[in-house]
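As a plain string of letters, each chain reads:
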Amino acid sequence: MAQANITSDMVGQSFPHPDKWKWYHYFTFNIDHKVIGIQYLVTAFFFYLVGGVMALVMRSELATPNADLIDPNFYNAMLTNHGTIMIFFWIVPAAIGGFGNFLVPLMIGARDMAFPKLNAAAFWITVPAGALIIGSMFFGGAQAGWTSYPPLSRITANTAQSMWILAITLVGTSSIMGAVNFIVTIWKMRVPSLKWDQLPLFCWAMMATSILALFSTPVLAAGLILLLFDINFGTSFFDPAKGGDVVMYQHLFWFYSHPAVYLMILPIFGIMSEVIPVHARKPIFGYKAIAYSSLAICLVGLFVWVHHMFTSGTPPWMRMFFTVSTLIVAVPTGVKIFSWVATLWGGKIRYTSAMLFAIGLLAMFVLGGLSGVTLGTAPVDIHVHDTYYVVAHFHYVLFGGSVFGLYAGLYHWFPKMTGHMLNEPLGKLHFVLTFIGTNLTFLPMHELGLKGMPRRVAMYDPQFQYINIICTVGAFLLGLSVLPFIINAIWSWRNGPKASGNPWNAKTLEWTTDSPPIIENWNVLPAVTEGPYEYGHEPAEVSSS
Amino acid sequence: MKQIPAPLLTLTIGVAVTLVSLWVGFNNSLLPEQASAQSVLVDNFFNVMVVIGTALFLVVEGAIVYCMIAFRRRKGDDTDGSPIEGNLPLEAFWTAIPAIIVIGLGIYSVQIFQDMGGFTPGDMVHDHGTMIAQSSDSALQGLAPEGAQPELLAKSVYGFGAPLEKEGLSADLEVNVSGMQYAWIFTYPDSGIVDGELHVPVNADVQLNISAQDVIHSFWVPQFRLKQDAIPGKDTELRFVATKPGTYPVVCAELCGGYHGAMRTQVIVHSPSEYQKWMESRIAQAEPTTTEAIAVNPADLTDAEYLAPYGADIDVDAQLLAHLAH
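Here the protein sequences come in this chain order: A and B.
Residue 319 in the numbering used here sits at position 319 of the first sequence; the count goes up by one each step and never skips.
Residue 104 in the numbering used here sits at position 104 of the second sequence; the count goes up by one each step and never skips.
Simulated from the structure, these hints should not be mistaken for lab results.
It cannot be assumed that every hint is accurate.
[Unchecked claim] Restraint ranges, calculated between C-beta atoms of paired labels, are given here:
| # | chain 1 | residue 1 | chain 2 | residue 2 | range |
| --- | --- | --- | --- | --- | --- |
| 1 | A | T235 | B | I107 | 40 to 50 Å |
| 2 | A | D197 | B | F93 | 18 to 28 Å |
| 3 | A | S60 | B | G246 | 32 to 42 Å |
| 4 | B | L30 | A | P218 | 36 to 46 Å |
| 5 | A | F476 | B | I107 | 38 to 48 Å |
[Said to hold, decoys possible] With a cut-off of at most 16 Å between alpha-carbon atoms, the simulated EDC-like pairs for lysine to aspartate or glutamate come out as follows:
| # | chain 1 | residue 1 | chain 2 | residue 2 |
| --- | --- | --- | --- | --- |
| 6 | A | K288 | A | E534 |
| 7 | A | K288 | B | E91 |
| 8 | A | K348 | B | D77 |
| 9 | B | K166 | B | D123 |
| 10 | A | K451 | B | D43 |
| 11 | A | K507 | A | E530 |
| 12 | A | K195 | A | E534 |
| 13 | A | K242 | B | D214 |
| 14 | A | K451 | B | E33 |
| 15 | A | K348 | B | D80 |
| 16 | A | K348 | B | D78 |
| 17 | A | K507 | A | D197 |
| 18 | A | K20 | A | D514 |
| 19 | A | K195 | A | E530 |
| 20 | B | K244 | B | E33 |
| 21 | B | K166 | B | D115 |
| 22 | B | K244 | B | D205 |
| 23 | A | K507 | B | D80 |
Quick reminder that beta carbons are idealized off the backbone N, C-alpha and C, glycines included.
Using the sequences and the hints, build the whole thing.
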């Protein structure tokens, strides 16, 4: 890069740029946070479709009890890469990279992120990572699950597994770079009139997310690099025959990967706290409780990872300690759920597509949370660990939760991002199909798991076929449900009715500029005179709750 | 609704929710039949959580649906809702109630976990040396191979040990369970029987010593509600009492390769007399094979050759086994 350009006289000044980005600017090393946000979102959505096709391949195989459609090893490659792609290439980059980058500077009255080039680098690192994952499919694909436990991961499809490790390490690096950027940006770059208790809850959520990513991601990188050395350079960190310890890998993996669950849901909670007040026309209920509960989830979330290892080589005290710590997470999560319901109470709810997805999330996340409590207790987890009950639980949280939240965010901020409104009837069709599809696919899985069907199997006991067929039908309905959204997004981006600066009549700062915002966000930075959710007040009234 | 006083309405809803939740909790048929002593404990705990979960689910979903109907925007109304920003007592209430519930569930889990034998895995392993010397119990004869003691003492064992009332007592029957891609091998150290299926007498205190030969597997009997990973390089155990004669699936629950889904066999819980009959028939049958097995070093065999005798029993066909040859 042109290092010479960055001289002391550039500090505090903007880089030269055209008045408006052209389409091809979106394919370059662009340092505008809004361009980067959209780069993340579009790339992530592409990977969502790839991961979705993999899910449909698996559900087709599972329509019958025998492994009669695809090779079982290929099935394992599908389940491994479905999980990997949905987590590391769809939800995390879309929620943190996409919405985080696009919204945080706009919400705090900044012209960009604190480190714009670092930001662009973080995005472009994910491109070779994605290429590695797709490339690994030509070498059979990693087949040891997204958890990649050794010894299986040491002995299966070595080339593909190594590519998988490199891809995840790259994504992790990108995540750390992003986390540093968000923390500094939110800490230092708020417009001076914006006080901490006026900070939009999405930014609080991004703060908690970034702290969590910063603490946990390096541990995953360490575990994966040890595994990479085991596979390629003859070390035996995880080779029991030579004194290695396979359970140590599980600790390293889950120390990151449980917090990763919160990386995937905390930003979504942030989106919920923005979308619900706007469309319910009411202030968010319990601003402080929601803000602090994000931090509480972030803190407790670092100490629950062993609940993924209750049936592993885990001593009794650990099983009990992590049962209790896991259960505690339910408290701050419950606070959020109750606060959103209370925000609806007494509102004047506008049933926009964004609001429908937000309420859909609320309704389904409750079930995901409750099944999570049962899973958190060791005695019940011993029975249902590694069964379809777990699959049902995390899809309620990650599909009913995260994906619904991403859609809510997309419908809410699409006008801001593109300057065009989405088509509402198509959006509602999208919601109805997705809601039915989600419940049809994942609700019956609870029973499958409780009754005795393990997860990650290409062949299963014929007694479970009936329920599996329901799940497969649901999955295809989900596949179909994406079509109205794709048509809507492409068509509206080009031809949708022009969006005003503030089409929803919302109060956060991103709505005080044009849609789409000009390149440095505002000609004159906005001054904050009221809180972000002061609906039903006179504008002059500043609450001090 | 104006006619019904609010406290009465709340009371009615509360009673209805409680009754429905209790009914769902104790009448759901979500779990398979109970066939071990532990299964009863786990199910009671699960059902209590279903009761609480159903109540919370009904209240929250009910509130959402009520809000969606009662607080929808009416046509032409472009005003905002009322500016309520919070309510400290209410927020304290819904923080405290879940906190109390989860602390209660936490304590309850510890209790159940102890009753299941979760706190005593590996207890009996440490005692083998002395117990064999003292005990005349035939079940223990020839259990630990010579020279294995120091190693056993040095290792910790994970899993489920003796239930509370049997603490310090050795199990009635020990079976060594070995997981490999893609089969379970059950060895009865006191009789030398090797089988692809697990046979146990009903109401006996059985201890499985679980190990893995290649990758991680997980031994799971859904009807027992018990699962324990078989981990290369680590010793794990499961101690249980089967309470109901019958045949139940043994499922591998940890991804172990392409044919993970086919790694299924069964546990047959016999009445004591039947079990005796089975054992005698197996011993009579097994004599020649046992000597053969000693003569041949298993390490010299491919997985396929080694597994072939069990192929018929464990529902894995010979072709599949041939794929395994390294």
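Check the structure against each numbered hint from earlier and tell me which ones fail, lowest number first. The structure conflicts with no hint, since it agrees with every one listed earlier.
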